[in-house]
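Kindly generate the complete structure, drawing on both the sequences and the hints.
Line order of the protein sequences matches chains A and B. Heads up: the first sequence begins at 627 in our numbering, then just goes up one per residue. Heads up: the second sequence begins at 627 in our numbering, then just goes up one per residue.
Among the hints, a few may not be true.
Unchecked claim - So, partial list: chain A residues that the calculated Cβ filter (under 10 Å) puts toward chain B:
hint: 1; residue: Ala646
hint: 2; residue: Met691
hint: 3; residue: Glu694
hint: 4; residue: Val723
hint: 5; residue: Ala785
The hints are simulated quantities; they were obtained by calculation from the structure and are not laboratory data. Note that beta-carbon positions come from the ideal geometry of N, C-alpha and C, so glycine has one too.
Number of protein chains: 2
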Amino acid sequence: MRTSPSVHPRPHPDAPVRLAPGPEFDLIRRFLAGQAQGEREDVRVGPGDDCAVVAGNGIALSSDMSVEGVHFRRDWLAPEEIGWRAAAAALSDLAAVAARPIGILVSLAAPAGDAGDFAAAVMAGCRAAVEEAGGALLGGDLTRSPGPLVVDVTVVGEAPRPVLRSGARPGQEVWVTGELGGAAACVEALLAERAPQPSARERFAHPVPRVREAQWLAAHGVPTAMVDLSDGLVGDAGHLAAASGVAVMLVPELIPVHPAARERSRVRSLRRALGGGEDYELCFTAPVGAVPPLVDGFARAFGVRLTCVGKLGGGDGVWFVDAEGRRRPTGVAAWQHFGRGDA
Amino acid sequence: MRTSPSVHPRPHPDAPVRLAPGPEFDLIRRFLAGQAQGEREDVRVGPGDDCAVVAGNGIALSSDMSVEGVHFRRDWLAPEEIGWRAAAAALSDLAAVAARPIGILVSLAAPAGDAGDFAAAVMAGCRAAVEEAGGALLGGDLTRSPGPLVVDVTVVGEAPRPVLRSGARPGQEVWVTGELGGAAACVEALLAERAPQPSARERFAHPVPRVREAQWLAAHGVPTAMVDLSDGLVGDAGHLAAASGVAVMLVPELIPVHPAARERSRVRSLRRALGGGEDYELCFTAPVGAVPPLVDGFARAFGVRLTCVGKLGGGDGVWFVDAEGRRRPTGVAAWQHFGRGDA
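Have a look at this one:
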């Protein structure tokens, strides 16, 4: 860290956040309670000033907004889970480029009645997610909302060599981490007012972004392109296809469907696994033969399996492919916030 | 920029953003239309991937959320003005640490009916503000809102030597840029259903963050501490006082009240100037004698005046001080989102 006459020295690690008195700032102090300040080399200025200042070789940034009534319902989730999910969804974008998390900024709009224990619990959930991923709470904003609770999380990481969506080439393989459709199975149950299976609820309420898994894969030189699965495999692989100028050809029999998402109807199971969002697994591409030698080591390291789900070809879009290489439409639409009926 | 087998080369500057088809992504393409990609040295990865990636020696970050019905009303502002204000408020935090803007991420929650021309106009306003300040739109999120329009702007800048709130020392002078109370005068008029004075409306609808002014002051080695005025001088100087462990002693006769905020009643004028938020001027501290030689050059460069409004003493808080050095309370409260009545 450089110093100059206009720079105050780094605060002591245990220094409290020094804001003026007032109930709004009391709540901010509560958000930050117990978080050591000044102990990270990659955080030059932590929360409590006009800006946080971070350092690194390539700073990766992404924002993800969660809105009550759209992304979550209060009767479905505890406040800590609302915060965890919001932060995990954003951290998943860091995983998608294989960045190392530094921290998050959280903007919270809360109805006046929630600006106490409820808001503190939401922020505790955000902090738990980012601390689990190796980052810290760097700052944010707190405001009143006349209606829904809104949580916008901006993630900050270091990515000297980001893995982009655009590096995939025809002939390469398509892989996914973990199992798909668990979160969708939970939402389906909740919407039908059935109790979700515990493993499905866990996938929905407590998703684990594949932050360390992505760094491991990148350190092994594997992914040529990568994307995280927030809107479902068909939708997100569609972005990878568009960015790389390739066609993604999925083999339906290879899709790893989460146990809680499996049904007698193979079509319904697949629809959950391919169209259901919010699994926060990774989809990546790799040269033929690059991944198989690493599958066992990956499973040992993370308890997560890697599955080859198809190949890349010339053209564009996302397709099902049969044993003879014939393409057919998947029949699965990606989640869209503004469908043709809305806009 | 480093390259490795897992890194795709930087895209061509004129390359479009490559996302999958769909109405949500059509709107995102519209947000980004006409913005050249890949032409900034400090942006390694622009919008359209899972993360943006920026580079610099110390990356300054801050988020600022604007909520319909709390920060703005639709009948008061055009959609471009809603976007400009939201981005300007966030950019003002970069000014407060004397950072050079790189760009913004914008998360937008919009009712379904606004997810067309209205949202595009809000984003155009955000882009105009950041481009005026020398930065670019780096990314963001777009989601549906069941109620209010919500715009959360995260600013990203380079700050090798950030000016913090904590560097002020007793005996130093307190200065402000520009004139205070114009935005408050506009809001007062609008709430009373009177037409605001044009100069007051301009201050409210089109605030200009003091981004270049702050860099100029820092380049001249002036500010020992700095804060931007979003919640009013008394409130924001209170943060500087708390962070630096000093008392801010304002001389009421020296406060530069915006012409549109002046009234016969000196007390009312001062209340607007000291308690009214959203002027987005700067308050900074400097050693005695450091600023006066620069006042004319600053005014020539920016058309903005610098005014000494008081001094720093031992103790804490923000006070009025008389010619004999006696302190008395200002009687002005800072804006609080969650007052004692709410929380």
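Outcome of the hint check:
no. : hint   : in the structure
1   : Ala646 : holds, 3 Å
2   : Met691 : holds, 4 Å
3   : Glu694 : holds, 7 Å
4   : Val723 : holds, 5 Å
5   : Ala785 : holds, 5 Å
Checked against the numbered hints above, the structure breaks none of them.
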